[in-house]
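Could you build all of it, start to finish, from the sequences and the hints given here?
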Amino acid sequence: MKRNSGVAGLGLLQSVVVGAGLAALGAGVVETARSQVAMTPIPVPAQVPAKEGHAQLPDTRLFYWDTGGDGVPIVLLHPATGSALIWGYQQPVLAKAGYRVIGYSRRGYYNSAPFERDKPGIGSEDLRQLADALGIRRFHAVASAAGGSIAADFALSYQDRLLSLTISSNSFGVRDGTIAQAATFIRPKIWDEIPPEVRELGPSYRALNPEGVRQWVELEHKALIGREFRQRLKNQMTQARLKELKLPTLLIAGAADLVTPPSLSRMLQAEIPNSELAVAPEAGHSVYWEQPDIFNRAVLDFVGKHSK
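The numbering of the sequence shown is the working numbering, which starts it at 2 and goes up by one.
Think of the hints as simulated: they come from the structure by calculation, not from any bench.
Be aware that one or more of the hints could be misleading.
[Unchecked claim] Okay, the calculated beta carbon distance ranges per label pair:
1) ALA271 to ARG62: 37 to 45 Å
2) THR41 to VAL199: 30 to 38 Å
3) ASP193 to LYS247: 30 to 38 Å
4) ALA134 to GLY305: 21 to 29 Å
5) GLN48 to ASP71: 17 to 25 Å
6) THR179 to ASP71: 26 to 34 Å
[Stated by the list, open to error] BS3-like, lysine-lysine: derived pairs with alpha carbons at most 25 Å apart:
7) LYS247 to LYS306
8) LYS190 to LYS244
9) LYS223 to LYS120
10) LYS235 to LYS120
Where is the CB? At the ideal position from N, CA and C, for every residue including glycine.
Here it is, written out as structure tokens:
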């Protein structure tokens, strides 16, 4: 049975479920909570000690960090504007909750091997080989933006390797049907000319947290070690194939996302069995960074139900 849930609030409202219960709270209470979220810059917390290394795969080398331990593994997949470095808000929170947390950089990103255009590889196969190299059989995949296409591709090929799938701010790499048409229609022709921080950070965050914007831009500048080049997907990502995803799936959407707004996420959710949707108020495309408390709570609540 599908559940449509939105996570909102800090302070008085740590978590609000969208639906009848939300309406019962009253508009004033909800708006107060949402304003409080947007106006509360959150410093990046101290990181949990983690092993850093390079996994030598058959045709590339990937940088990773790994908090280790006996906890259930969570693997984080970064967006096109990020790398293994971006998960400062997630790493300590997920690790302190008892999980083994792994972040890595894809080919051509921070500290990994550069792209080879004649041998681009397949991102989902790199993920499988990385998991094998780290001795991880089953794990939770948590992805943002472009990382979500790779996570969805991995899920279609290796569903038995995943305990759950969380994808934020991404249309699962779908390239046909009404979902792809909607995604194309809302993206302006000047998209690539817009500065990344404007494309990917919501206006509320940019207005109220200039230091956070500066830090995000710094990490974005460190991410790529060459020109951006997207790896191929293993599967043909069609809208119809979304129904093949039988594992627990969480979608996270930023209410101010210019590319994957909640309306598009609801279209995706309608196609995916056993899926849930969390909406972060006022957040743009980088929910993990703009609203980390909301993002982390949604992930922890979800993976906690599916870790046995």
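Hint check results:
1. ALA271 to ARG62: 37 to 45 Å: Cβ of ALA271 to Cβ of ARG62: about 40 Å, so the range 37 to 45 Å holds.
2. THR41 to VAL199: 30 to 38 Å: Given about 22 Å between the Cβ atoms, the range is violated.
3. ASP193 to LYS247: 30 to 38 Å: With Cβ atoms ~36 Å apart, the hint holds.
4. ALA134 to GLY305: 21 to 29 Å: Hint holds: Cβ distance 27 Å, inside 21 to 29 Å.
5. GLN48 to ASP71: 17 to 25 Å: holds (20 Å)
6. THR179 to ASP71: 26 to 34 Å: violated (44 Å)
7. LYS247 to LYS306: holds (16 Å)
8. LYS190 to LYS244: violated (31 Å)
9. LYS223 to LYS120: holds (23 Å)
10. LYS235 to LYS120: holds (14 Å)
When each numbered hint is compared with the structure, violations occur for hints 2, 6, 8.
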